[in-house]
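Two chains, two frames, a set of hints: combine them into the complex.
Which chain is which? The protein sequence lines are H and S, in order. Counting in the working numbering, the first sequence runs from 1 upward without gaps. Counting in the working numbering, the second sequence runs from 1 upward without gaps.
In silico lysine-lysine, BS3-like type, Cα no more than 25 Å apart, as pairs: (1) K114/H <-> K98/H; (2) K58/S <-> K43/S; (3) K33/S <-> K114/H; (4) K33/S <-> K278/H; (5) K168/H <-> K48/H; (6) K33/S <-> K61/S.
No wet-lab data here; the hints were simulated from the structure.
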Amino acid sequence: MRRFVAPLIVAALIAAAFPSASLVAQTAAPGAAQASAKSSVPRASDGKPDLTGVWQAGSTARGSWEEANSGTGLGGTGKNPSAPAVLSASDRPATAEKAPYQPWAAQRVLESYKNRGVDDPAVNCLPPGVPRTSILGLYPTQIVQTPQQIVILYEQMHEHRIIPLNAKHPDDLVPAYMGDSVGHWEGDTLVVDVTGFNDRTWLVGTGTFHSDALHVTERYTRVDKDQINYDITMEDPNVLTKPWIMHTNLMLREGTRLQEYVCAENNLAPAFYERIEKNGVNFRRP
Amino acid sequence: MKHNPWALLAAMTLLAIPLAAHHSFGLEYDSNKPITLTGVVTKIEWTNPHSYVQIDVKDDKGNVSSWRFEGYGPGVLYRTGWKRDVSMKPGDTVTVKGWRARDGTNWGHSREITLASGQKLFFGPPAGTGDGGSAPAVEAK
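So that you can see chain S by itself, here it is in the shape it has in the complex (with noise of 0.2 Å):
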């Protein structure tokens, strides 16, 4: 058997690398508060660092309350298969998947979104991106 020096040294670098929130994931959401809402869109916000949906939520009662959820920049979503004013419109009956924010607000970070025509979309990181993962990058003392 030959040995192939180039998958040699492809095998001796690979390394599971990174992936980037533009900021801290667990200091804004509490991962132990998911959360699914299904609500009408009021407003889509595609902008950098991050894109914004706002839902109105009706409850049992028929009060109406707004939520914002924050995902990813048009960028990433784009290349995950958003269509820009195509893939969701104000007014589509949406549900959200996500985390609740620390501060107990009506304010979210989502995972996906499932929308109008039954398609489901990232829509952002999962749980725990970018505040450091499971470990710190140095021994813990």
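Extracted from the complex, chain H is given alone in its bound form (with noise of 0.2 Å):
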């Protein structure tokens, strides 16, 4: 019976961070298939499940990543020209809740919107952020997972997060682009808490801004072999009216490697945008 209880832990877990997800709790019962999925999970030697590997987020697909990223395409990565134009990084998810910002900041939003990203701090190669940097699926990214501490490295931008295990925020934090994050197992669950941030990247989306008053929850759930899910609560009560709430996973990749990513080494951009504005060129959204 043991072996049941740990899915229902998760819904639960994940049925109390998310009232909408409530519906997944009550029409959950135990049965044959999730104790395979439950001892499909790779184990530490610790007992805890093993993140360790490289992983794509933003992608449901499973396999390589030439076998996840071809056919109609992921993110202009897949092999068919024709694939549908998709969401970038400064895009908000079609399905995702509305940011829920206050009225004043929306307006801000609204106006980075409209002037298609001009004010991307990220065009300057700076430190994208979280959770912006850790929902990139172009780009992947490496967990590595020891009883003490997690370590994860993105490819782009040459970023990476350590992250303590059963540890506090040290008191004497500077604020930071990726912020100071410590770890904790909740069950089969990862949750990290994340804090000490400048105001200077964007959440999730073009104009998503936000104070130093930003604080990230990450829940990271291994529910199978190949896959991660990935819950997230960012929470700012200078600029939120509420926290924003969102979901995606993260999907193995093995045998892909990261890559070097030496974001200054030929960045044309700031340039270009310098010259289009001098010279009056309309870029503005009608």
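Structure follows, in structure tokens:
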């Protein structure tokens, strides 16, 4: 019976965290299938789910990078040039709730949108922050897990996060682009608390600014060999009216290696922006 | 019929999430100005955050003009099947599909390149990537 408990605990945790998911808890019943799903989750030496591996965010496709990104294409990385245009990190997912910004802040977000993200801080090769970095699907993410800490490496911008487990945030945090992360296990879910942000990154989508009061809570649940459910709660009482919640996942990409990404190598965009603004080229949305 | 809580959980958490270019497409390029050019490769920059290919294009009168097209950085290109210094080399005749820059210069963003071998490979993201998509993140008022 014990082996059936974990999925129910996770369901209950998610239902508690996200009321809209309560249907899951009501309809979930133990069976043979979830037992095999649970048994297919690799375990670390300490018995925790092992998140170690190279992953692709924002995908639901199983298989290698090549297999998962071929066919009709994903994010323009596929092999079919007629694949429909897909969302970028500066786009709000169509199925996601609107960002719950306070009215004055919503106006500022809208202004960025109308100006096609001309004020995007990442264009200068600055770190995109959390979760903007962690939901990117175009670049792989590598997780390295030990019983004491978890390290996440992002190909894009060469970003990294070191997440000590069962630790407290330092008292003397200096505001940082990627914030300060500490983690702990709640059953089979890794919960990461991120604070200590500066106010120079976007959350998800063009113009989605925040203050240095931003607090992000991430939940990573490896539900089978191939998939981590990745749930994000963003709180910022200075600009939001309520927590902004997102659900996505990370898919295992065996065989993929992180490549070098030196953003300052040949970054022509800022000069281009300056040139078209100086020359009065109209790029604003109608 | 037995319910599978993992499948239900997975279904509840499905969400189309973001992929990214490094910067806004729509600010620099005009999706209403598609362009397809065939020319000879003169220079390739396999660089981050974006790669560039330069081609010499000859018009009907024999006049040659140089065009520069932007695409993904080398890491993304590697994962989409590009082999650096093998797939495309200076001197190759290629056909580049993309969109023109808003400033009207010989500059563009390339979605796809047809190589000298006839093989077609993605070189950059689709039009509209990176500038907020079809709707802002907030209610528009």
